[in-house]
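Enquirer: Listed in order, the protein sequences are those of chains A and B.
Note that the working numbering has the first sequence beginning at 1, numbered continuously upward.
Note that the working numbering has the second sequence beginning at 172, numbered continuously upward.
One or more hints might be untrue.
Claimed, not checked - Listed below are the simulated DSSO-like cross-link pairs for lysine-lysine, each with C-alpha atoms no more than 30 angstroms apart in a straight line:
1. B:Lys340 to B:Lys330
2. B:Lys363 to B:Lys212
3. B:Lys451 to B:Lys330
4. A:Lys6 to B:Lys363
5. B:Lys451 to A:Lys64
6. A:Lys99 to B:Lys212
7. B:Lys363 to B:Lys375
8. A:Lys6 to A:Lys99
9. B:Lys375 to A:Lys6
10. B:Lys330 to A:Lys64
11. A:Lys6 to B:Lys212
12. B:Lys212 to B:Lys330
It is worth saying that the hints were derived from the structure and are not from the lab.
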Amino acid sequence: MERSEKFWNPYLAGMALGLVLLATFLIMGKGLGASGAANRIGVFIAERIAPGHVAANPNLASTKGDRASVLDDWLVFEVLGVFLGGALGAVTAGRFGAKIIGAGNISVAARLMFAFGGGVLMGLAARAARGCTSGQALSGGAVLSVGSWIFMLSVFAGGYALAWFMRREWS
Amino acid sequence: MTFPFTELSAAAREGGLIVAVLIGIAFGFVLERAGFGRADKLAAQFYLRDMRVFKVMFTAIVTAMLGLMIASGFGLASLRDLSESIASWTWIWPMLIGGFVLGAGFIISGYCPGTSIVAAASGNIDGAVTVGGVITGTFLYSELLQIPAFQRFHNSGAKGAWFLYDLIKVPPQVLAAAVAVMAILAFIGAEKVEAMLGGQRTAKRVRRFAFATVVALVVVAVVTIAIVPGTAVASQRPSTISASDLARTVIDAPWSVRIIDVRDAAEFARDRIPGAQNIKPESLKDLPDDGRPVVIVGNVRGLPPNARLLAGGMAAWNAEPLVRAMTTGAPPPPPPPAATGVIQKPKKHGGGCSS
Chain A
1 MERSEKFWNP YLAGMALGLV LLATFLIMGK GLGASGAANR IGVFIAERIA PGHVAANPNL
61 ASTKGDRASV LDDWLVFEVL GVFLGGALGA VTAGRFGAKI IGAGNISVAA RLMFAFGGGV
121 LMGLAARAAR GCTSGQALSG GAVLSVGSWI FMLSVFAGGY ALAWFMRREW S
Chain B
172 MTFPFTELSA AAREGGLIVA VLIGIAFGFV LERAGFGRAD KLAAQFYLRD MRVFKVMFTA
232 IVTAMLGLMI ASGFGLASLR DLSESIASWT WIWPMLIGGF VLGAGFIISG YCPGTSIVAA
292 ASGNIDGAVT VGGVITGTFL YSELLQIPAF QRFHNSGAKG AWFLYDLIKV PPQVLAAAVA
352 VMAILAFIGA EKVEAMLGGQ RTAKRVRRFA FATVVALVVV AVVTIAIVPG TAVASQRPST
412 ISASDLARTV IDAPWSVRII DVRDAAEFAR DRIPGAQNIK PESLKDLPDD GRPVVIVGNV
472 RGLPPNARLL AGGMAAWNAE PLVRAMTTGA PPPPPPPAAT GVIQKPKKHG GGCSS
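Let the sequences and hints guide you as you build the complete structure.
Expert: Structure follows, in structure tokens:
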């Protein structure tokens, strides 16, 4: 097996992830997250392009809270860390480099369209669910929140329901 | 209660943000090593070829869950306070439908929001494009929320802070033990399915080690019920009041309850419960006791002894039919004798929170 194809055993990776999550709970009193930071970055970009539009929509304007910047939030910094940690992992495993995954059976344009469209759906869904797979499923799931478990089971249901239609992309 | 280090998120905010970056680095590194920076590895879950997503996710959930049970069992943290601070409240319908749509987006893009960041960091262009999509989607949602019907969906099925051990009414440790045992059974099932479909099975030694560790943690977590008196009982204390109960009190006997709103002043100015008093969360403990029960609106950790939290917050309040009837015609309730300031009818407005 090539070095770049070596991954951790899933159970050991899961335990390591669980310990990171537990440390976050105990040290910060918070869970891990991702989509909350995406929302703040979106508002930050909009503030630069169309400040009037942000001010007119209370859902956008209230994101900032009482802070000076909409990016002044623990999740934004945590996600910055996720990016650095991901890059560190990829570089040290010899997996770092510009590439497109999943374009074996479909055109690059189609693959990027699916990547973007799926992302938009997930952004909308994460706002409705008050979190994504990190904030709801993982963090809320571990503290046994009812809503998080509803969400988690629903994520798997949605994935399996559409798997057949997307089989060319992933075969 | 020892944990969490509240000074990290409040006073020494900069220190907390540095810790946030370090935690993120650990999170991103582990996700990358688990293979979660690659769309093909993630999507394989939904074709049952490689159940890596399921195994990693549930091992992580079980590990953190048991760790939290043990820490609270030994009195290092308060289970309910910490859980309420970690988890968002439950809104049944948006979470059910949001979960399904997120699952659909997952199989279409090959990533979830967190793993798309790791993919982008690994140089995967498709991952970076997904990150762009997620940012666009979260932004579009704020536009959709402008539509009143969509706002109603967003706030539907509000249940406040709600945990599986409240629903099934067993001690949290017992429920955690049951979840861990079910996870192990599901892992064994996943290995069998993979073997049937010709996939790679996880090395037997590692599997045994992982399962034995989980079982050992379960035993410790359950034993803490016996050695630390009161943990199971204390964590079952219901500390919320529903929007409909509060609305009835506000209409019938507004003087009998004291409503304390701990949200920031701007939010309070925009939208509040009649007779509510706005104070900062940190001055909550200095609140003089006037004998009346207290209802808290907003996010707060560690309730005063005679206080309950409004389940679902202002979103649940504004969605409550009694309140809607109040704002559309019926005369406003009389002000409580001690209240000062302007009584304002609540406007229809939801709190958009995304964790």
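Enquirer: State for each hint whether it applies.
Expert: Verification of the hints:
no.: 1; hint: B:Lys340 to B:Lys330; result: 16 angstroms, holds
no.: 2; hint: B:Lys363 to B:Lys212; result: 19 angstroms, holds
no.: 3; hint: B:Lys451 to B:Lys330; result: 25 angstroms, holds
no.: 4; hint: A:Lys6 to B:Lys363; result: 23 angstroms, holds
no.: 5; hint: B:Lys451 to A:Lys64; result: 18 angstroms, holds
no.: 6; hint: A:Lys99 to B:Lys212; result: 15 angstroms, holds
no.: 7; hint: B:Lys363 to B:Lys375; result: 12 angstroms, holds
no.: 8; hint: A:Lys6 to A:Lys99; result: 18 angstroms, holds
no.: 9; hint: B:Lys375 to A:Lys6; result: 18 angstroms, holds
no.: 10; hint: B:Lys330 to A:Lys64; result: 26 angstroms, holds
no.: 11; hint: A:Lys6 to B:Lys212; result: 12 angstroms, holds
no.: 12; hint: B:Lys212 to B:Lys330; result: 36 angstroms, violated
When held up to the earlier numbered hints, the structure conflicts with hint 12 and nothing else.
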